[in-house]
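K.L.:
Protein chains in written order, with the working numbering: chain A, 1 to 193; chain B, 194 to 386.
Hints in this document: simulated from the structure, not taken from any laboratory. The reader is advised that the hints may include incorrect statements.
[Said to hold, decoys possible] Covered stretches of chain B (in silico footprint by chain A; criterion: 3 or more residues with CB under 8 Å from a CB of chain A, positions within the stretch not fixed):
no., segment
1, 247-259
2, 270-278
3, 292-304
4, 329-337
[Unchecked claim] Derived coverage of chain A by chain B (criterion: at least 3 residues anywhere in the stretch with Cβ under 8 Å from a Cβ of chain B; other residues may be distant):
no., segment
5, 109-123
6, 134-147
7, 162-171
Ideal Cβ placement from N, Cα and C applies to all residues, glycine included.
Residue strings, one per chain:
There are 2 protein chains.
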Amino acid sequence: MERLFEHINKFSEVSEEDLKLIESVVSKKVIQKKDHLLTTGHKCHHKYFILSGCMRSYFVNKKGAEQIVNFGIENWWMTDYDSFVNESISHINIQALENCEVLRLSKSDFDDIVSISPALNNYFRVILEKRHIADQRRIQYMFNMSGEEIFDHFNNSNPDFVQRIPQYMLASYLGFTPEFLSKIRKKKAETGS
Amino acid sequence: MERLFEHINKFSEVSEEDLKLIESVVSKKVIQKKDHLLTTGHKCHHKYFILSGCMRSYFVNKKGAEQIVNFGIENWWMTDYDSFVNESISHINIQALENCEVLRLSKSDFDDIVSISPALNNYFRVILEKRHIADQRRIQYMFNMSGEEIFDHFNNSNPDFVQRIPQYMLASYLGFTPEFLSKIRKKKAETGS
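Kindly produce the complete structure, drawing on both the sequences and the hints.
P.N.:
If you want it as structure tokens, here you go:
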């Protein structure tokens, strides 16, 4: 639980009682690499706090290719917010890319703890602020940067993470083909940039 | 204030006291059409709740064209979250597209009221959830829909709104050229779809 407690403490002023409250409702789960936590067509009843490992959310696009929506690593909450909040059928999949340990929190327990504890409610608000800012930046990059610039930016922002995921998945997340990614990487290796 | 009170009541269980608290810190402002609430290079110190009118946020892209990031109409909070939360220099502009009436809330007052009132904090968390869901849907559409499908989807989701904004701005928001938008509209007029 230490990892989650540290994360909460970083963003909200919580008491021992608040931490005990969230501890009482999350359960630890081990997910094997390649296993799914959510598949398209089902409702997403949980949020998952990643203790170790790496995940992706993706959907199968009209051309039959997997389009990655998000990645999640340690200290991230993974869920399909749309399905989780609106209790609707999900259009995405969530899959472990490495063996993962997560803390699982159900929708009903989430609703309970945010109504009981203002400090935990505040924690989740602050997390959402950060998520919304990241989304807005991503939308702006998609509109304003070339493939190469997006790749550079992503690498500079997430140097360790880039080493952990297959190249074709990074290409999918950034919205370009694996061939285009190879071309950029080759060019950079040649120029040493 | 009634419009804001109704909006808050819709998403959070607030008391008379909570409403009085937010009423005590917001101030009404009238913004003339074409005036800016925020310009690139400045810090965004406020959130604006739109009582009437329509706004856009945009940046000037590398080609010198205005790229629209978001629109805001009645019952929306407009701000640059990145700049507002992180107290950093903004990369976007916020401009009134019609004469607008807004309620203005400063960063320091926002921080105060969410720490004083759990119910208002909850209201802003729920709003952010909705915003994050909208962002995630938008990212998925950008990856998976053709220009025509995005246009149809936007029209069906926001029929009244589409009538209020110039065609070239809608094109910018949706990420295609005005010529492409004209082509789609002409085709639809011909086929009656």
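K.L.:
Each hint: holds or not?
P.N.:
Cross-check of the supplied hints:
Figure legend: the segment 247-259 of chain B, annotated as covered by chain A; annotation consistent (3 residues with Cβ-Cβ distances under 8 Å, at least 3 required). Counting residues of the segment 270-278 of chain B whose beta-carbon sits less than 8 Å from any beta-carbon of chain A gives 3, enough to reach three: the coverage restraint holds. Requiring three or more residues with a Cβ within less than 8 Å of a Cβ of chain A, the coverage given for the segment 292-304 of chain B is violated, as only 0 such residues are present. Counting residues of the segment 329-337 of chain B whose C-beta sits closer than 8 Å to any C-beta of chain A gives 8, which meets the bar of three, so the coverage hint holds.
Judged by the Cβ-Cβ criterion of 8 Å, the segment 109-123 of chain A is covered by chain B as claimed, because 5 of its residues qualify and three suffice. Counting residues of the segment 134-147 of chain A whose C-beta sits closer than 8 Å to any C-beta of chain B gives 9, which meets the bar of three, so the coverage hint holds. Residues of the segment 162-171 of chain A with a Cβ under 8 Å from some Cβ of chain B number 0, which does not satisfy the need for three, so the listed coverage is violated.
Violated hints for the displayed structure, listed by number in ascending order: 3, 7.
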